[in-house]
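Trainee: Residues per chain, in single letters:
Number of protein chains: 2
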Amino acid sequence: MATNNAKASNAKKKEVKKETKLGLTYKKDENFGEWYSEVVVSSEMIEYYDISGCYILRPWTMAIWETLQVFFDAQIKKMNIKNAYFPLFVTENVLQKEKDHIEGFAPEVAWVTKSGQTDLEVPIAIRPTSETVMYPYFSKWIRGHRDLPLKVNQWCNVVRWEFSHPTPFIRSREFLWQEGHTAFATKAEADEEVLQILELYRRIYEEFLAIPVIKGQKSELEKFAGGLYTTSVEAFIPNTGRGIQGATSHCLGQNFAKMFQINFENDKGEKAMVWQNSWAYSTRTLGVMVMVHGDDKGLVLPPRVASIQVIVIPVPYKDADVTAIKAACETTVQTLSNAGFSAELDTRENYSPGWKYSHWEMKGVPLRIEIGPKDLEKNQVRVVRRDNGAKIDVPVNDLVEKVKELLGSIQESLFNAAKEKRDACIKVVNTWDEFIAALNDKNMILAPWCDEEEVEKDVKARTKGELGAAKTLCTPFDQPRLAEGTLCFASGKPAKKWTYWGRSY
Amino acid sequence: MATNNAKASNAKKKEVKKETKLGLTYKKDENFGEWYSEVVVSSEMIEYYDISGCYILRPWTMAIWETLQVFFDAQIKKMNIKNAYFPLFVTENVLQKEKDHIEGFAPEVAWVTKSGQTDLEVPIAIRPTSETVMYPYFSKWIRGHRDLPLKVNQWCNVVRWEFSHPTPFIRSREFLWQEGHTAFATKAEADEEVLQILELYRRIYEEFLAIPVIKGQKSELEKFAGGLYTTSVEAFIPNTGRGIQGATSHCLGQNFAKMFQINFENDKGEKAMVWQNSWAYSTRTLGVMVMVHGDDKGLVLPPRVASIQVIVIPVPYKDADVTAIKAACETTVQTLSNAGFSAELDTRENYSPGWKYSHWEMKGVPLRIEIGPKDLEKNQVRVVRRDNGAKIDVPVNDLVEKVKELLGSIQESLFNAAKEKRDACIKVVNTWDEFIAALNDKNMILAPWCDEEEVEKDVKARTKGELGAAKTLCTPFDQPRLAEGTLCFASGKPAKKWTYWGRSY
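Chains A and B are the protein sequences, given in the same order. Taking this note's numbering, I'd label the letters of the first sequence as residues 1 to 505. Taking this note's numbering, I'd label the letters of the second sequence as residues 1 to 505.
No lab work stands behind these hints: they were computed from the structure. Fair warning: there could be bad hints in the mix.
One copy or two, it doesn't matter: identical chains are merged, so the pair holds either way.
To be verified - Derived DSS-like pairs: lysine-lysine, alpha-carbon spacing no greater than 25 Å straight-line: (1) Lys471 to Lys460; (2) Lys97 to Lys140; (3) Lys140 to Lys297; (4) Lys258 to Lys442; (5) Lys378 to Lys464; (6) Lys326 to Lys78; (7) Lys297 to Lys378; (8) Lys78 to Lys460.
On a predicted model such as this, the values are computed, not experimentally measured, just so you know.
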């Protein structure tokens, strides 16, 4: 019987899809780029905007963003980091104070030159990030060691007018992020915070978005412009074989302090310079989530970030007791809501159940509950998992317990599946030939490296091509043993460390 | 004894103030403008920025803003309004679609014309508000009556490059706000929502910020550019005798719908046009709060928005049992925190108790608790109210109950005091002479009006001067009886309504 039902349901679904043109045109494994663009639009996360590289973040996106925001904001408040808001605009003069920094951002800076019909006296930049916006004031606010640490964060928009291929969430001209900026009396305190924040970023990816990431340090070439060292969490997109920088936590050292004269009198009464950090994660997180979990039916949302965890759909077959089914649906939503789940009922009468199935699958809702006459009769509901399509008949009395178990299981399965796929793409290589083969196979490559900037530049030059050059992703904190005498895969010099390499976003 | 203590404490305070130059240079009643600038800076709400009209919102500000945000966001979510985020940028083409609207904003629009060293093909505007950013997409998303209502809100920054005298919070070139944008099938639904939102704005002012406001409708001349009608909550600043628009809830009617072709098929299958609203409140709210409650000692925070409600200060007179005092302070903070109050301990050893009193008074913390040897001995704490300076000795056992009562009382007193002062400035006039006299006396004037735009323009022209012209503030919903035969104070024509007039921010 179940099989027949399933067949009937499938037939029905196909019919509806044809009718309404729901469903994706592109397949994830066949045309990843088009698939991605289609998913973010069809799931109602994104609307393309009439300015290239700018996107509308629709409510379905913002609900996820807010979930991450609530978590992260509470965590940093526990660390006594306080929210502030600094201006969107920065003068050319201040922007250019730190030479390396401005070199890194200059080509992407958007300039305001006019208000109304009037030319401004001097052009004003829109912040690409806020180091130079904030630090003149850090210099003013910090006088003695008792003013330290100074720890602020802001939730804001930033603008980087990039001309490379824009991609929703991943590479956009305006994006939302948080940026933390802190100053300490000692390097040890700064070092410690860098890792505390990085751990929060790991948790955002692994615990909320169900995406495995690697913690590590960026190479000198890839570190933040003007900083001392950069740590990051790195994710990987198997379909394109590209690494993606998930979020970064920088120790700025004393470079900015020097430029902006952020000095203090230390506890011995001597003049000293502060040690600074800055760290950020952005709406890029959501793009990684779509890329990693999405499938040919659309978005797949991890339960912990899904604004609707359970969608309840009445299935009133002909001659069914419509009123009783609706009542059962309402009770189900009420029961789940009372138990703390986010459950909604789709009672729209102008759409068929099949259309609704496809619609909510497209939007990635983790669990669907169908209630039809049979379910009513048996005092059960049918629960369908978004991640693997499994159908489970659940007695009404077990509903809360079972839904809890299933949502936990989906969260875990998504992470495990992503990790399995990611791990299958990690290749350990020791020679240049192995490296090139692994790169061509779209892998994330762990290789022994001499840690010389010139060698990294050389690797970039030698792998240049249509798909972009290979570069270092990070040197993982979790280092495999480096056998004595191991040589760099690229230079043949003695290797100093294991480093991840690959193409990246 | 208490009197002696108070005297000693006062003497001490004066000495410390002299030492450290804490305290305000300007008095609220003598030089309001300078007093305001000094308070927002000295209380650490604002830092002036090196671009005129832009200000840094420091953590002390953001904590208040977030309190209002949490309240408002939860309320609109209950109304099924969902958060979205639309781009910061808008093309000239789209910005100019609604003629009246762009006329209202054009002189203040900031234009991006360059990125890096490259000129943009066409200049791009920074949103002064987002009607024209959003509505082309409303047109796309709304097809049938089942797509309605469409209700979104966004928390964002907007830019209005005004050249008139900038004032922190009140008139700044960039500010933070929420802007809600909704579309309905019927005017009745739009009308209803306008007032629901206006009521939330009233609650922000009256229940959170302890500021009395008047709900009413703007005149045709003062309404939102391009809208149908505008409602607002109006506050009043007695010191300057100026009204201030607190927040606005607009019914846009169908004007934007016409320009952006936001049509739908109604339930009869006919093509119809949506009815739209937009509504916003901004960081201006915080400026009104400073202006209304602040005094010559600095900021005065209403307890409901104070991020620290109670500051606990140890007062270790010479030879006192410092350890026991500190322990008592810690217990006090713990007890209050456990009871749900926001209490903090100021243990800094490099500052005297007197300096700390002044410091936390400047920052407006509602209650200060002092614990010295005498208090320890008597198993009590001394509680000092920020609003009226009253000192109350509270037995430790009554602490939670008494603090609750005092915070409630402060919230109420602040509102009542503000209302009393505001009400004392409301003058009812019937003739032009009375009107001019009342205006010169810095009043908020309630006058019978013929409701003709030409007459309002005429009043503006006739009252032009150094302090700015008088204009309508709002026509209050709560209308006094208009006796038959009442004539307009300005035109002598039959009056149609009572309207508030005055100078304004």
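Trainee: Now tell me, hint by hint, if it's right for this structure.
Mentor: Do the hints match the structure? See the list:
| no. | hint | in the structure |
| --- | --- | --- |
| 1 | Lys471 to Lys460 | within (6 Å within a copy, 67 Å between copies) |
| 2 | Lys97 to Lys140 | within (16 Å within a copy, 45 Å between copies) |
| 3 | Lys140 to Lys297 | between (55 Å within a copy, 23 Å between copies) |
| 4 | Lys258 to Lys442 | neither (42 Å within a copy, 51 Å between copies) |
| 5 | Lys378 to Lys464 | neither (63 Å within a copy, 80 Å between copies) |
| 6 | Lys326 to Lys78 | between (45 Å within a copy, 23 Å between copies) |
| 7 | Lys297 to Lys378 | neither (30 Å within a copy, 72 Å between copies) |
| 8 | Lys78 to Lys460 | neither (42 Å within a copy, 53 Å between copies) |
The structure fails hints 4, 5, 7 and 8 (numbered hints given earlier, in ascending order).
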